[in-house]
Amino acid sequence: MTGPEHTPAPTGAETASLERRYRRLLVAYPASYRASKEDELVAVLLDHAQAEGRTRPSLEDRFDLLRGGLRARLNFGTVRVANGPWRHAVAVTTVMLPLFLALRALRPLSAFVGHGFTFPLWSGYGAPLWNQSGVQFDSIVADLLGGWIGAGAWVIAAVFVMLRRRRRAAIAATVGTVLEVAFVFDLITTHGPDHAHGVAVFVVIEVLATCLLWWPDGLTEGIGITGRRSLLAFMAFGTVLNLWSGTWWRGNERGLLVALAALVVLAPVARRNTHPGVAVRIVIIGVVVGLMLVIARQAGSVTEINSSYGSIALEIVLCLLCVVALAVAVVAPSPVPRESSAGGEFVPSSER
Amino acid sequence: MILTALASGPKHGYAVLREVDEISHGRVSLRPGTLYTALDRLCGERLAETDHEEVVDGRLRRYYRITGLGATRLSTEVERMRQNATAAARHLKLGGLGA
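Quick mapping for you: the protein sequence lines, in order, are chains A and B.
Each residue of the first sequence is one higher than the one before, starting from -7 at the first, in the numbering used here.
Each residue of the second sequence is one higher than the one before, starting from 23 at the first, in the numbering used here.
Don't read these hints as lab results, they were simulated from the structure.
Remember, predicted model here, so these are calculated numbers, not experimental data.
Any given hint could turn out to be false.
[Unchecked claim] Looking from chain B toward chain A, a few residues come up when the C-beta cut is under 10 Å (computed): (1) 31; (2) 34; (3) 39; (4) 75; (5) 78; (6) 81; (7) 84; (8) 87.
C-beta: ideal position from N, C-alpha, C; glycine also.
Model the full assembly from the supplied sequences, consistent with the hints where possible.
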């Protein structure tokens, strides 16, 4: 950045024109945000432009303001996770959910093993489910986009999680989630809503996992608590369990539920000096996710609206309620935290 | 970086941009939109807060300062980086590559 003393001062008309342009760009921000910050932000933008000798907003500034406005509108960066055990439990969940979803993506492999290596792997990611009910995939969207490519996105996200590449993991997770939505949509329109039971819930879980990965601090803090070795152990254990469940349980969700139990047990004990409150909260989160899976399996059979769009909606609404209940617990209830939290805040072992 | 810039005293937005540029030796060049997204987050987490406002040449300048919590977080980060640097230097020395 060059100092303003090296560039000629723009004329009053040029400055006024530049200010107008910046104010137009700031429309990207919510009105409430502009009411409190617009003049201040314009002043910084004008100082910055003057230092760079510009009389028009640069392309970088335009993109930067559009991105900032979008973030402000979506409340990114302003939703604050409460300090203390909940924050660290959510951070661990940020790490574990993508790994859990990557394990799920390997389910066709377990079915492949379970069927004596004769299962048609190429027939799609969701094939094990439909094979049980005799439904064959014939859609390119389901087989490819929502199938192996969508599953692969979560495996890639898990790899980036292990490498602590949060942004790349978040992008892969976003791709995986979008493809899962396409997959479920295709499934419902092609085979009917009753075939989406047990699958639609993963849209909710994937959205949750993706949102957590876009949280700037979650991944680093989460790995700081669990350590990478325990994550590798979890993945190895989960993969073996997945293949085993394919031979024993024919690749249904029970294997995943056991893997989930391993998740909630392994994470707290990964570090012996992990705060006990974190462990308890991770178990609560694990139970909520497990509950969502059970809801997904039971929603159709326990209601009168089986085989209809209503049961899928019920499934998603119940799962969302679980997520909202969790969010109420983890998002800071007050915009003004106690001053004492600075001294009494739990700090994970990696930061001590 | 922003907390580091604020550690030496309250600064307004453009001063923070310049300070970050200076302490990173030009490697980090924040844009104003990015700066304010980060500042909003820091203020939301009570790591920074508004100090005072003034109008200079008809332009509003709002000054931000680091909070006690922010200083604690920055100190922790400094200590962590110092330990990493020490470990790296020790390993280089063990490998006969360091000074």
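Next item on the list: Check each numbered hint against the structure and report the violated ones by number, ascending.
Entry: Going through the list in order, the structure violates hints 1 and 8 and respects the others.
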